[in-house]
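Each chain is listed here by its residues.
Protein chains: 2
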Amino acid sequence: MKIIRDISGASIKRSVDSGTEEQRRAVQGIIASVKQNGDSAVREYTERFDGIHLENYKVSEREIEEAFSALDPEMVSIIEEAADNIRAFHEQQKRSSWFTTDEDGTMLGQKLTPLDSVGVYVPGGTAAYPSSVLMNVLPAKVAGVKRITMVSPPGKDGTLSPGVLVAAKVAGVEEIFKVGGAQAVAALAYGTESISPVDKITGPGNIYVALAKREVFGDVDIDMIAGPSEIVILADGNQRADEIAADLLSQAEHDALASSVLVTNSSALAEEVSVEVERQLATLPREEIARQSIIDYGAIYVTRDLEEGIELVNELAAEHLEILTDKPFETMAKIRHAGAIFLGRYSSEPVGDYFAGPNHVLPTNGTARFSSPLNVDEFMKKTSVISYSETALKKNYEKIAKLARLEGLEAHARAVEIRFDKK
Amino acid sequence: MKIIRDISGASIKRSVDSGTEEQRRAVQGIIASVKQNGDSAVREYTERFDGIHLENYKVSEREIEEAFSALDPEMVSIIEEAADNIRAFHEQQKRSSWFTTDEDGTMLGQKLTPLDSVGVYVPGGTAAYPSSVLMNVLPAKVAGVKRITMVSPPGKDGTLSPGVLVAAKVAGVEEIFKVGGAQAVAALAYGTESISPVDKITGPGNIYVALAKREVFGDVDIDMIAGPSEIVILADGNQRADEIAADLLSQAEHDALASSVLVTNSSALAEEVSVEVERQLATLPREEIARQSIIDYGAIYVTRDLEEGIELVNELAAEHLEILTDKPFETMAKIRHAGAIFLGRYSSEPVGDYFAGPNHVLPTNGTARFSSPLNVDEFMKKTSVISYSETALKKNYEKIAKLARLEGLEAHARAVEIRFDKK
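Top to bottom, those sequences are chains A and B. For the first sequence, the residue numbers in our numbering are 1 to 423. For the second sequence, the residue numbers in our numbering are 1001 to 1423.
Simulated from the structure, these hints should not be mistaken for lab results. One or more hints might be untrue.
For lysine-lysine, the following BS3-like pairs were computed, each having C-alpha atoms within a straight-line distance of at most 30 Å [claimed, not checked]: (1) B:Lys-1111 with A:Lys-94; (2) B:Lys-1013 with A:Lys-146; (3) A:Lys-169 with B:Lys-1394; (4) A:Lys-327 with B:Lys-1399; (5) B:Lys-1111 with B:Lys-1399; (6) A:Lys-111 with B:Lys-1094; (7) B:Lys-1094 with A:Lys-334; (8) A:Lys-334 with A:Lys-13; (9) A:Lys-334 with B:Lys-1146; (10) B:Lys-1327 with A:Lys-94; (11) B:Lys-1146 with A:Lys-111; (12) A:Lys-94 with B:Lys-1399; (13) B:Lys-1334 with A:Lys-146; (14) B:Lys-1327 with A:Lys-146; (15) A:Lys-156 with A:Lys-58.
Isolated chain A, as found in the complex (with noise of 0.2 Å):
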C-alpha cells in the first residue's frame, strides 16, 4: 500500500460513475415505457433483464416461510438482535410536533407528519444484503410510515435472496415485488396495476436504479445518490498495525471502486501496515477485487503531528472515519465532516455496518461537508402553523403591509387590511 509523506495534495481518490448518455436514454425508456404499460412493461423488462418470465411478481406469503425455514435459525435471531438495535437508535433520532404560544394570543409551529409510502430498493446477486434492507426500512417505519414497499431484481429462478426476504419480514415490510433496475424505480414512482406508487425511494443500486432515481426525483422523493464506500483510518502511534490493516481491507473488499486511506502521524505504523495489508491480502476470498482497490484508491498519508491529521481528515469529509488516538473524544470534538465516526479499537467498522445501530447508509464523495446518514427525520415532513388572533393582527398589519408594499406587492398588504377595513 502506497506511503504518501508530502500531503499538500492528499485527497480520496474517488471514481463516481454518473452514467452515459446511452445509459440515460436507456432509462428514460424504461420509464415511459412503465409509466405507459405498467406491469406489462414490467415483465417484459424482467424477462429481458433478469432471464425470467413472472405472471405474477409479487412474493408470496409461502415465499417467505420458506426463507425463514432456509435460514439458520440462530442467524434469523442475530438479525432480529440486530434490527433492536437499529429500531433503539432511530428511536432517538424521533421527533415531536411544537408549539409556542404568546400572550396576544399568536400560536406559531411545526407539525411533524410522516411520509405516507415509501419504496425501498433492494439490489440482487451478491449484493443482496439482508442489513441493506434493516437500514433503510426501520428508519422509514420509526418514523411511523404506514405503507412500506420493498423491490428487489429475482434470481433466474424467479427468488429472491433468503436473508432478504427475512430481513424484510423483520422490518416490517408488508408488500414485497420481484423487480429490479430502472423498471422496479419507475413502478414505485408512478404505480403499475400490481404496485401503488409511493413518495419516497430509498436503497442502493447499479447505474440504471441510480439514473431511474435521479429521473424520477422531483415527482417522488429520493434519498442521496451513492458513491463507492470509503473509509480513512486516523491513527497515531501506539496503534496495532493487523487491525487497522483489517479494518481497511474490509472497506477495500466491497469493491474494486472503494477507497481505504490511513492518515498517520507514524512513518513506524505507516509501513507496518503497508506490510500488514499485503499479508493479509494474500488469503482474502475477495483477494482480486481487494486489491485493485488497494492499489487504485488506497493511500497511507504520513502527517507532521496529529492536529495536521486532523485537519486532513475534515479536508477529505470520509463516508466512515476510525479514531485510532490515545484520547479518541478529544480527537472527535475537532471533527467537522465524516458520515459515521468509530472511536477506539473495539469500533471496528463493521460494528457499525451491521450490528450497533446507527444506520450504515451514509454520504459518501465528500458529500459529508453538508449531508447527514440516512435518519428518521428524511421520512417525515414539516409543516408550519401560524395562527394570529385578532389582537394579534391588529398590532402588526401595518407593519407587515409596508413590508408588502416595499416589494410592490399591493394585494398583500389590502390582504391584511381588509380585516380591519382598510384598503
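Go by the hints and put chain B onto chain A.
Chain B in isolation, oriented as in the chain A frame:
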C-alpha cells in the same frame, strides 16, 4: 373565477418550467467558463447579461451605509422586527448532539455540526425581495454557519436594491457580491479569485439559476427548486368572501403561473368569492398578472361536506393552506400534506410571508407530500458516533462475523475477529 362542482378530477393546475435543452447547454457553458476563468468570466457575463462592467463586484461597507440612508428608518426597524421573529421561530428548530450509554460501556450518538459555508442567491429587479433575504439567511445563521455569502444581479447602474442590502446586513451576511444568473451559482459552487466556494446554495431565481443549481448539485448541496407559488383556502359557509378573495389575489399577483384555489362546502360562498375576486381585481396595480393567474390557474371547488374538502386538500398538497372553519385546530389535525398552514381569519397568508417567523420558503408543486419548509436542519449535518468497549465487542463480535459471512464479506468478519486473535 371558475366554480367547479364535480371534484372528481380536481387538482392544482401547475406549470413548472424545467428548461429547454438549449438553456441547459447555455448554463453548462457558463459554469465551465466560470470554473476555468474565475472572476474574468464572471465580469464578462455580468457585462453581457446585466449590461454593466464591474471591475470590483463585492459590495462595500459604504454601499451598505448608503442603503440604510436610502430607506425610511421606520422601514429599517420593521425589517429588524421581522428578523427577530424569524430568528426566534428558527431557534426553536435547533437541536443538539446527543449520546446514549450502555452499562457494557457502549456509547452511541449523533453529532450535529453546522455547515462551514452557505451561499444565498437573491433575484434582482422587481423580484429583489428583502423578505427572501431574511428567510434564506436566518436559518443558516441560527444553525451556526460561519460564512454566509450573498449574490444578487446588479441593476444597469451597478447597484443592488437598498431593501435587499439592509435585510442582508440585519440578517448578518458578511460578504455580498453583485453577480447573478448561472455565473453566480457557478462562482459559489467552485469559487473564483473574489468568491470562496460554499457547501450549499439556497434561494430562488429564474430558469437559468434553477438549471445551474441542478448542474452543481452533488458538488455542493442545494435547497429545493421552487415552482410557481400556490394557495389553497379551505373554508366553510361562515366565512367572509371579501377576505378570502383578497387572500387568493395576494397569491395571484405574484406570477401569472401562480395557483389560487378555494375549497368550500358552501355553494353560496363560492358564488360570493367569485364575484369579490372580480371586484377586487379591478383596482389592483398588478391586475394583469393576477387576472391571468386567476383565469389560467384559479379554481373554486365545491365539495359535498367539509370532510370531502379535507380529503381534497390532502390530495392537493399545497404550498400554503388557509383553514377558515369553525374549529380550525380540529380541521388541521386531519391535514397530512401542506407546506404551511394558516389558521383562522387573522392569519392571512402575508402574515407568514413577511413577519410571523416561520419560513416562507415552502415546498411547491405537490412536493409537500415529502418535503418541508426551509429550516435549520438543512444547514446542519448529522454524524453518527459509535464507541464500543472491549466488553461490548466481545459479547457481539461472533454475531457480527456471522452476519458478514451471510453477505459473503469475509474481510468484514475478520476485522472484528482479529481484535480477539481469531481469524
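Now for the hints, and whether the structure bears them out:
1. B:Lys-1111 with A:Lys-94: 15 Å, holds
2. B:Lys-1013 with A:Lys-146: Given pair B:Lys-1013, A:Lys-146 holds - Cα atoms ~28 Å apart, limit 30 Å.
3. A:Lys-169 with B:Lys-1394: Roughly 28 Å separates the two Cα atoms, so the pair holds.
4. A:Lys-327 with B:Lys-1399: It holds: about 28 Å lies between the C-alpha atoms, which stays within 30 Å.
5. B:Lys-1111 with B:Lys-1399: 27 Å, holds
6. A:Lys-111 with B:Lys-1094: 15 Å, holds
7. B:Lys-1094 with A:Lys-334: Given that 30 Å is the threshold and the Cα spacing comes to 21 Å, the pair holds.
8. A:Lys-334 with A:Lys-13: Measuring from Cα to Cα gives roughly 23 Å; hence the hint holds.
9. A:Lys-334 with B:Lys-1146: 16 Å, holds
10. B:Lys-1327 with A:Lys-94: The hint holds at about 29 Å.
11. B:Lys-1146 with A:Lys-111: 29 Å, holds
12. A:Lys-94 with B:Lys-1399: 28 Å, holds
13. B:Lys-1334 with A:Lys-146: 16 Å, holds
14. B:Lys-1327 with A:Lys-146: 27 Å, holds
15. A:Lys-156 with A:Lys-58: With a Cα-Cα distance of about 16 Å, the restraint between A:Lys-156 and A:Lys-58 holds, given a limit of 30 Å.
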